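Protein sequences, first through last, are from chains Z and U. Be aware that the first sequence starts at 1, since it is given in the numbering used here, and climbs by one per residue. Be aware that the second sequence starts at 1, since it is given in the numbering used here, and climbs by one per residue.
There's no promise every hint is true.
[As the list claims (entries may be wrong)] Only pairs whose alpha carbons sit at most 25 Å apart, straight line, appear in this in silico SDA-like list of lysine to any residue:
#, chain 1, residue 1, chain 2, residue 2
1, U, 296, U, 409
2, Z, 874, U, 421
3, Z, 649, Z, 769
4, Z, 874, U, 202
5, Z, 285, U, 11
6, Z, 855, U, 421
7, Z, 855, Z, 804
8, Z, 649, Z, 744
9, Z, 874, Z, 804
10, U, 268, U, 121
11, Z, 370, Z, 174
12, U, 3, Z, 334
13, Z, 855, U, 389
14, Z, 527, U, 170
15, U, 296, U, 389
16, U, 3, Z, 308
17, Z, 860, U, 170
18, U, 3, Z, 331
19, U, 138, U, 101
Worth flagging that the hints you see were computed from the coordinates, not collected in a lab. Quick caveat, the model's predicted, so the values are computed rather than measured.
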Amino acid sequence: MTRADLRRTNRSDLLRLGFVDLDRAIAELGELGPDAGDLLAFLGQTADPDAALTALVRLAASVDDRDTLLTALRDDEGTAMRVLCVLGASSALADHLCSHPEQWHELTDPALGSTRPAAWAMRAALLAVVGADPADASPVATAPDREAVDALRVEYRRQLLRLAARDLTHHLGVDDVAAELSDLAAGTLDAALAVARQRVGPDSAAVALAVIAMGKCGGHELNYVSDVDVIFVHRAADPAADDTASANAGRIAAKLAAQLMQVCSDHTAEGTIWPVDAALRPEGKAGPLSRTLASHQSYYERWAEPWEFQALLKARPVAGDLGLGRDFVEMVSPMVWSAADRDGFVDAARAMRRRVIDHIPAKEADRELKLGAGGLRDVEFAVQLLQLVHGRSDESIRPPTTLSALARLTRGGYIGREDGEALHRAYAFLRQLEHRIQLHRLQRTHVVPSDAPSMRRLGRSLGLLKESEKRLDDTWQDHRREVSRLHQKIFYRPLLSAVAKIGSDEVRLSSEAAGARLSALGYADPKAALRNLEALTTGVSRTAAIQRTLLPAMLQWFAECPDPDGGLFGFRRISEALGRTPWYLSTLRDEGEVAERLAHLLATSRYCTDLLEREPAGVRLLAGDLRPLGSDALTEEMLASARRQEGDKAVRAVRAVRRRELLRISAGDVLGMVTVDEVGFALSRLTDATLEATLEVAGQTVRGQRRLDEAPTRMAIVAMGRYGGFELSYGSDADVLFVHDPVEGADAQEAGNYARAVAEEVRRALGAPGPDPSLVVDADLRPEGRQGPLVRTLDAYAAYYAKWSHVWEAQALLRADAVVGDPDLRSRFTALIDPLRYPEGGLSDDDVLEVRRIKGRVDKERLPRGADPTLHFKLGRGGLADIEWTVQLLQLRFGARVAGLRTAQTLAALSAAADADLLTHEDAETLAASWRMASRVRNGLLLARGRAGDQFPRATLERRAVAGILGYQLVETDRLMDDYLRITRRARAVVDRVFWG
Amino acid sequence: MGKQEDFVLRALEERDVRFVRLWFTDVLGFLKSVAVAPAELEGAFSEGIGFDGSAIEGFARVYEADMLALPDPTTFQILPWRSSEGPSTARMFCDIVMPDGSASYADPRNVLKRTLGRAAEQGFTFYTHPEIEFYLFKDEPKTGEDPIPMDRSGYFDHAAHSHGSDFRREAITMLEAMGISVEFSHHEAGPGQQEIDLRYADALSTADNIMTFRTVIREVALSQGLWATFMPKPFTEHPGSGMHTHLSLFEGDQNAFYEAGAEYQLSKTGRQFIAGILHHASEISVVTNQWVNSYKRMMFGGEAPSYICWGHNNRSAMIRVPMYKPLKGQSTRIELRSIDSACNPYLAYAVVLAAGLKGIENGYELPREAEDDVWALTEKERRNLGIQPLPRNLNEAITIAENSELLAETLGEQVFDFFLRNKRAEWDEYRGQVSAFERDRMLPVL
């Protein structure tokens, strides 16, 4: 190519080939001379054409035989590909080539494309450069020490160069690359040992030292750059050695081991090879570097932890005295295979994995290839765990190499075929990506770079020549997702095989092993859990098949909640109830969120579980929005469903809607989607709608019974107490007053009877036991309590209040909210009571004293015997009553003057009082916080155990559940208690000042 | 199980340990101990040893009695006074956990750990160095009889054939055998009164060491036919037993109290820390001086402070900033002189640290240094200088403490509540006692 040709070189051609810096590329092509154009096609195949070209210019300048090099590149396609691919993918190897330019000849070897170098040949070459005789049983280096160490590095890199060329150019399988790297490491360790022997001197003959590779090297699956994990074993060379000689042998072995490690890891002018890490040895860094076989044995028999056995899965003798090494492996392997039976094994192993994940700095977690969800470690961990569990009875699945083990596990049926293959693909991809990342600078890293040029280079090196960055990222994320999905399945699947015959060729997990696994996961009663699993998965129906795919995830979600056993049992009952309902399992399977929400509810809240068991179809609701419905929509829906029916059926329809809404609210609450204020509002709105619809149905029923066309009186229901204040809890009764007002000309007696019948019908219909939760309508707060008539006319209320007006009655009316029934009557009732509850001029001093006197009596007398006064939600220190009475006293005293106080809601009144400077904003905040805390714990307790409770729970399980519902960690129950006590104590201090004065 | 646990299990075998005492401390600072056989220890490490928490002062309400003691393997020690003949006994301190595995807020060790954790979040580690005073008597105390001190010597006296120095020699040997380094020891001012200073260490180790120290001193005394007491003020006419403690904060390897060139080489952090302790001194008094008797130590001057102030080498001040030693920047520290020997060291160090940290967090200004002998000033002069008195008795201390958010936050609600109720009861009981003082004064004349 002449200069003129070069100028004509189409810039867009260069762009198409992947060059970025065109001017520079053109200049460099020119420097290389006329034949450079022939290389363009090859450069276009490399990971980074710009870098490859630049490096080639450098290389050409470094070699003595520039013409030979360029000719070889031009004439031999294989050589060109090998040289350019290496230069484009690895700047570290490019540097190596430039400082040892003669090594470019290595890449002309046509055998590289077809022949894997033998391990013995690699070892022989490595030993030869340090001047040791490969044929010797204990070769000793003879080259001067510094030269030997440098020569070892150059030779290591020469072999690495050949391997990288094979890898990049000839599409080697990732497992083959890893195996060759392991062989290279083994030979290097042996050569390093020869150098160590030379350093230690003649003494070294007194001891036989074996190097056992662990981890990746032991598994024959090493990375390009990685720590090489090893354990050392020694014995005195003389079998008859006495104690002194043995102790001496130990010292020599430790010296040899230390020197070996140093030879590999020292940085010299020729760089370093890799660190040798002996931390997996007994007692880790605190233990002696080398031990005798007997010493190893006693350690593993007595002290070793589960993960140490997991590590021993990969133990493989690689250097030194191989016979001794084999003795070691034979000694430990029976122990490895019995490790999984030990108590707490799985627990310990899982805990270890959690620690690993927790330790990744958050900044790099999502670029991390090895750790984290969907990383290499996930696959390796799952494979090793399955090996340990099943390898005892099945030797065929014991190979130490991850991909081989995976294949065997799949063949043996321990992993489904498709899952196994998908996992295989994902793992191979992730490993190859890791190799390419490390190859670039020969650095030990597992972080996928985030900058565009690096991603482009990596993508291209994996053959993604177009849109390299995006396609690489997509592929990576796909595999990651796949791994994290499969990881879970594979882990839980053996549990299912223990109870269900999945296919004739599947191996079954013993129920003892499955039980141990379940209890490690947090199931308190593994036997019951296995029975439940069996019931869910037995059979050959489609249902059972879907359950088998669902359950692994469900089991994990249950295990993360306070009550896994309860969750699984509830799930079984619901699944049985819904049986083959077509939408049920497919909803769970296809809409992951529904299944997760369901698992969370079932393993956390008895209340939700109970609602779901009453009507399993409620599961459908979980697919939708869990925010409470508005009251208009609710009332409309209830009335519409009631109108389609008659009598009890109509009320049942109303109660069914109520049950559904209770589930919506409680599920939202448990899942942390609504606040405690919203829950109170939603429950009160729901009660409004229920009463409204039931009042209408009851009216019809009574008119039907009495053969009336028109109602003789108008009716309304007044919400009282916590209901009136929009502060209902799930289990609360609805406190009400019934009021009526006869229509013109109606017979008073008849109207009264009618109204009473309607009120009784409302109470009966809602309170009757039935499939849907009942609502107790409590009218005991009415004038004269239970002695008084259930229903009064508006005039009768007026007469009563005119005659008897105790301050406590006015106080009770503060919470009155006429919400249901005839709108006109409601507003007249409100007009009637307002002057009573917000008396003009406030309260007399006597009345204030009276309120305080009653509160004092309530505090003393109402608290149940044996209750802890600091922990009672309602009557305890800083509890609900404390706060409500404080607010109510302010309302009675200042309600006539301050409009904001005229509300039935505690928190609204509280902030109005603060705005009117009746107490400080800080005090109001303190009271509100305590009120919310007590309400939340009270609601949480009810949700957790399905029954109302009035003090902070004592039982461990309930505490955990309440902690979980309130958003605490499950192991922080005492922190929750501390918070509760603090917040209520502060509130009590405010009450002491503001209420007691 | 980790390496520490393994180390302990191995030591049990090698040293032929037949019993392991698991130690923990109740809310009032009394040492509790449960002995287990070595075979049970492995289980104790993983699951803890169950016990009835309601039987321990301040630990639990009756109905949530089940608690677990989880031994801390880093505190493993062979007890030297039981190892001379035959098989030995060892001890470990425990953390208390609830049956669900959550740490108990009622455990004083956890109170200190939580507070140290808060300091660690700000990058601080807290070091303490206590000077523990105590009395030695000739015999066991008997109701109604005045105790007889072991000797009649005074401060730094060197008595020939002194029981005291024998005693101190043996006690120190034993402490050293348990890995507790002793810095200094001498005869104190009162008859039979001794002082032993422990080497500085992180506050949790120090608190553990103080608990061990009290046991060792009592054991050695018994073995020599003596009786040791840490009672704050056993004699009306002789000085009480304080536990002056030198405090310092480190940020990594750097002493956070040190600043070259600042006044007394005391950094801003150090000044704010002192300001924090001064500001909250009355509130935490109920913990640093927790007994009715504690307040009788603090009303006569001498080594025990009665007023909230600080000074440089001013022995009447509550906090003393010792003379700076050049070239020893790392040793910059302050000396808190109010704490007495009968406190619960976990709680006392926790509240002192919390008060100091408050000073740093809120950037409190350090008040003026007290240069005079504060006892010599008149009430008016002190008021003029803004020097407040410490609570004069337990009742005042409780009343102030009841409104202390700092105390509640630091101790945790359960300990706070129990502690104050217990102290209130102690005061009420004391208030009703008719004393020898009253009888001696009044019977003859009224």
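Hints and how they fare:
1. U/296 to U/409: violated (28 Å)
2. Z/874 to U/421: With Cα atoms ~23 Å apart, residue 874 of chain Z and residue 421 of chain U stay inside 25 Å; holds.
3. Z/649 to Z/769: holds (14 Å)
4. Z/874 to U/202: Given pair residue 874 of chain Z, residue 202 of chain U is violated - Cα atoms ~44 Å apart, limit 25 Å.
5. Z/285 to U/11: Distance ~19 Å between residue 285 of chain Z and residue 11 of chain U Cα, so the pair holds.
6. Z/855 to U/421: Holds, at about 24 Å.
7. Z/855 to Z/804: Given pair residue 855 of chain Z, residue 804 of chain Z holds - Cα atoms ~20 Å apart, limit 25 Å.
8. Z/649 to Z/744: violated (33 Å)
9. Z/874 to Z/804: Violated - the C-alpha atoms of residue 804 of chain Z and residue 874 of chain Z are around 28 Å apart, more than 25 Å.
10. U/268 to U/121: holds (19 Å)
11. Z/370 to Z/174: Given pair residue 370 of chain Z, residue 174 of chain Z holds - Cα atoms ~16 Å apart, limit 25 Å.
12. U/3 to Z/334: Holds, at about 24 Å.
13. Z/855 to U/389: Answer violated: residue 855 of chain Z to residue 389 of chain U is near 39 Å, above 25 Å.
14. Z/527 to U/170: violated (59 Å)
15. U/296 to U/389: Status holds; Cα separation ~14 Å.
16. U/3 to Z/308: Since the Cα atoms of residue 3 of chain U and residue 308 of chain Z sit roughly 13 Å apart, the hinted pair holds (cutoff 25 Å).
17. Z/860 to U/170: violated (58 Å)
18. U/3 to Z/331: holds (23 Å)
19. U/138 to U/101: Distance ~47 Å between residue 138 of chain U and residue 101 of chain U Cα, so the pair is violated.
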